[in-house]
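Put the complex together from the two separate chains, hints included.
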Amino acid sequence: MTEPIFDVQGLGYQNGGNRILEDMTLQVEKGANLTIAGPSGSGKSTFLRILATLLTPTQGVVKFAGKKQSTYPKPIYRQQVSYCFQQPTLFGETVRDNLKFPFEIRNQNFDESKALAALDSVELKAGMLDQPIIELSGGEKQRVALVRNLLFKPQVLLLDEISAGLDVDTKGVVHRLIQSYRENGVTVLSVTHDETEIAAADNLLTIRDGKLEVPAHE
Amino acid sequence: MNNLIVSPTALAFAVVLVVIALGINLKEKIGLERDMVVGVIRAVIQLTVVGYVLTYIIKVNRIWLTGLMVLIIIFNAAMNANKRADGIPHAFWISLLAIATSTLITILLLVLAGAVRFTPSQIVPISGMIASNAMVAIGLAYRSMNTSFHDQRQGVLERLALGANLKQASAHIVQMAIRTGMAPTIDSAKTVGIVSLPGMMSGLIFAGVDPTKAIMYQIMVTFMLLAATSIGSVIACYLAYPRYYNSDMQLTDRNGSHQS
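Protein sequences appear in the order of chains A and B.
Throughout the first sequence, residue numbering follows the working numbering, covering 1 to 218 in sequence.
Throughout the second sequence, residue numbering follows the working numbering, covering 1 to 260 in sequence.
Don't take each hint at face value.
[Claimed, not checked] Think about it this way: if two alpha-carbon atoms lie no more than 27 angstroms apart in a straight line, the pair counts; the simulated DSSO-like pairs of lysine-lysine are: (1) A:Lys30 to A:Lys171; (2) B:Lys59 to B:Lys213; (3) A:Lys153 to B:Lys167; (4) A:Lys171 to A:Lys153; (5) A:Lys30 to A:Lys211; (6) A:Lys114 to B:Lys167; (7) A:Lys141 to B:Lys213; (8) A:Lys68 to A:Lys30; (9) A:Lys67 to A:Lys114; (10) A:Lys211 to A:Lys67; (11) B:Lys167 to A:Lys68; (12) A:Lys114 to A:Lys68.
Treat the hints as calculated values from the structure; they're not laboratory data.
If we strip away everything but chain B, and leave its shape as in the complex, we get (with noise of 0.2 angstroms):
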């Protein structure tokens, strides 16, 4: 493991590559220049900050703390998700309850199977990764919802005039958000290994973990994805699409339409 040895010189001289990317970005005029030193100065100052907890969650192996460190990743993604709920009610609790099942559920799995053993340096990682895939599918499927009762929002009425419970107003709506917010997932299954090699495997490969073994993982890193961000996505739209109507299962005028 010698070989990983990052010296913050080096990481020093990974600066200049942001620096690249700064200088581009100031050039074209594209405008996210803050954006980005913000991202840079938080990813430093999270990682660092993760680094240590990590360690010491590790050092002191109690289940409780990994238990604890898990809910803290998942309570972050559900804040983060509901970002991108652009307003749909009670989306935060939405998120938390998609995020936490799909992730606990996923693991209990991995667990159950001798996949993954509950020591802190196994289940905190794989828990990130989960509640992270599943962050991101959440957010554009709630992404899509919004779109989609936006601009179908005559079709919607439709379905509704002529007679159709909410299920059936919005199921084709609901549909498309789950297989929006699981493209990204189901992209990345399709093309692991021909186009990516991605992180978990790279990282142990790097470690100098046989690149067969380290492969083994990645494929049940890739069916654990495909799973949680399916269970995430299709909880999360099931409880968000209800949100869009009022008690008299009339399409409510959240989106900015209006009716008359």
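Next comes chain A alone, as it looks inside the complex (with noise of 0.2 angstroms):
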């Protein structure tokens, strides 16, 4: 068995009196596609924002790759780890403006043909870079959103309810643009509450009262 790319172990989260996460023990094998549902306030994105190092958990240990998260210098580890929001908010003016940014952080230059590349692999045209932000669609926001998280290849994809508001079509490209990551060895936990993706799902963990219903198994 390999080393698992997430381990976590008595993982609990209490913000002021809540306890919203308690006692979560599970392992998550690099490469996995693990699919988190639950009941609306039942943990699952804190879970993610957690994984993210977005928030420290109050108990417990994540490891990932092997190391405690607090080993990582946050940025680097972030830029591995990748979190994409529910309802992603754009920066600046324009799509470029967003597709700059991961270049940026990274001190490097803005290379166009690799964000062209990306924004047609979300079925959006080249003529969208300089388009202004808002007038754009959710579902099109959404997109260069993912594309934005994706313009450099992370070890894991943490998704949290990305596709949810999103038409059918605009649904199918995101899932193939995710499923050819995931055949590309990215890791992929998806928060959801789509009954489809839920049925659908490799490796289903239930979160429920911030506990894991079901641990996941590869």
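Structure, rendered in structure tokens:
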């Protein structure tokens, strides 16, 4: 058995007096495709945010690739464990501003051809690069945000209900893109309420009242 | 200079103007009457005290006393800027450092250039002008940062999630705060002479100084305030923005938003 990409031991999270997650223990294998389901407010997003280091657990330990999360410089870690928001906010004025950002934070020059290829991968036209973000539909915004996360291939993709509210065609585009990253070895953890996605899950994990209901098995 | 004497009777008549302002305020139910009365009383007491203090400082003309007066001005300015920080941790020390640096650098350059002499009659008023402008700029910058970190919380979180460091995640907010802080000084520089005839220039002309010489001084003051507000806002903003994050490079909840 290979070393898990995530090793979660006794994870708990409390915010003020509210216990949001408690005693979660699981391992996620490298390249796994894990679907996380559960009622609203059960702690699914909190769990993903802890994996993304956007929140720090109040109990337990999370190891990434064999080392504690806290041992990694946060920017490096977050570039490898990429968290996608349910309702993303786009930056600046145009789509270009958004696709430049991943290059800027890596101190690299903007590679327009790479950005155009990435837009094409979610069926957005090249002309969209300089389109003002206020003119984009919800589905286009979500696709631009996803491209922004995927311009540099991460090791892990954390998807927080990113297909909620998308039309069937856009969902198809998003699923195909994620599938292509999975086939290239990217580990995917996705939170969803979508019955079709839950039914089609390779590996389902349910969180209820902050507790893990069914542990994941490869 | 004799034409500058304002008699106590003239000042008493000026109180009528305050009464008019109070009357309007009461009639229109603006609710500022308490602040106005406190403001007027404080202005009278503070200016009277400072008048006597300045007379003494100018008379004894000691470097240490002049320096002490400058430090008191900077300290008070920092206390006031801190009130605008609305809970930014260590805002007093940040403000003190920003205002002290901007004031002292500007004065040092002016003294080295020979534009002003290190005498209390020149250093104290100019320090007051610089520190007060830096204080206002820093206060505005703090407000802007507080508002932006609150309203643009999601955008900052997304930048962090993409792997930005704190500076990259906050750059747009810091730039906006510096712009906001400097806006009044820049607007004032743009309109000086065509909208306002600033206090220092007007005072010199009142006192009988040749207007062309008064203008030279005003140009110097305009440049000096631009430099001071710029240095002050930049130092304050760059020292303050990391205070919105914890040691795990996460946005803190201090703006009242909730992470879940």
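To see whether the hints hold, each was checked on the structure:
A distance of roughly 25 angstroms separates the Cα atoms of Lys30 of chain A and Lys171 of chain A; the hinted pair therefore holds under the 27 angstroms criterion. For a cut-off of 27 angstroms, the pair hint linking Lys59 of chain B to Lys213 of chain B stands: about 26 angstroms separates their Cα positions. Taking the CA atoms of Lys153 of chain A and Lys167 of chain B, the gap is near 23 angstroms; set against the 27 angstroms cutoff, the hint holds. About 20 angstroms separates the Cα atoms of Lys171 of chain A and Lys153 of chain A, which keeps this hinted pair within 27 angstroms; it holds.
With a CA separation close to 23 angstroms, the supplied pair Lys30 of chain A and Lys211 of chain A stays within the 27 angstroms bound. Taken as a hint, the Lys114 of chain A and Lys167 of chain B pair is honoured in the structure, with Cα atoms around 25 angstroms apart against an allowance of 27 angstroms. Simply put, Lys141 of chain A and Lys213 of chain B have alpha-carbon atoms about 59 angstroms apart, too far for the 27 angstroms limit, and the pair is violated. Using a Cα cut-off of 27 angstroms, the hinted pair Lys68 of chain A and Lys30 of chain A holds, with the two alpha carbons roughly 16 angstroms apart.
Restraint check for Lys67 of chain A and Lys114 of chain A: not satisfied, since their Cα atoms lie roughly 32 angstroms apart, outside the 27 angstroms limit. Pair hint Lys211 of chain A plus Lys67 of chain A holds up; C-alpha atoms about 24 angstroms apart against a cutoff of 27 angstroms. At most 27 angstroms may separate the alpha-carbon atoms for a hinted pair to count; Lys167 of chain B and Lys68 of chain A meet this at roughly 25 angstroms. For the hint linking Lys114 of chain A to Lys68 of chain A, the alpha-carbon distance of about 33 angstroms lies beyond 27 angstroms, and the restraint is violated.
When the structure is compared with the earlier hints, violations turn up for hints 7, 9 and 12 and for no others.
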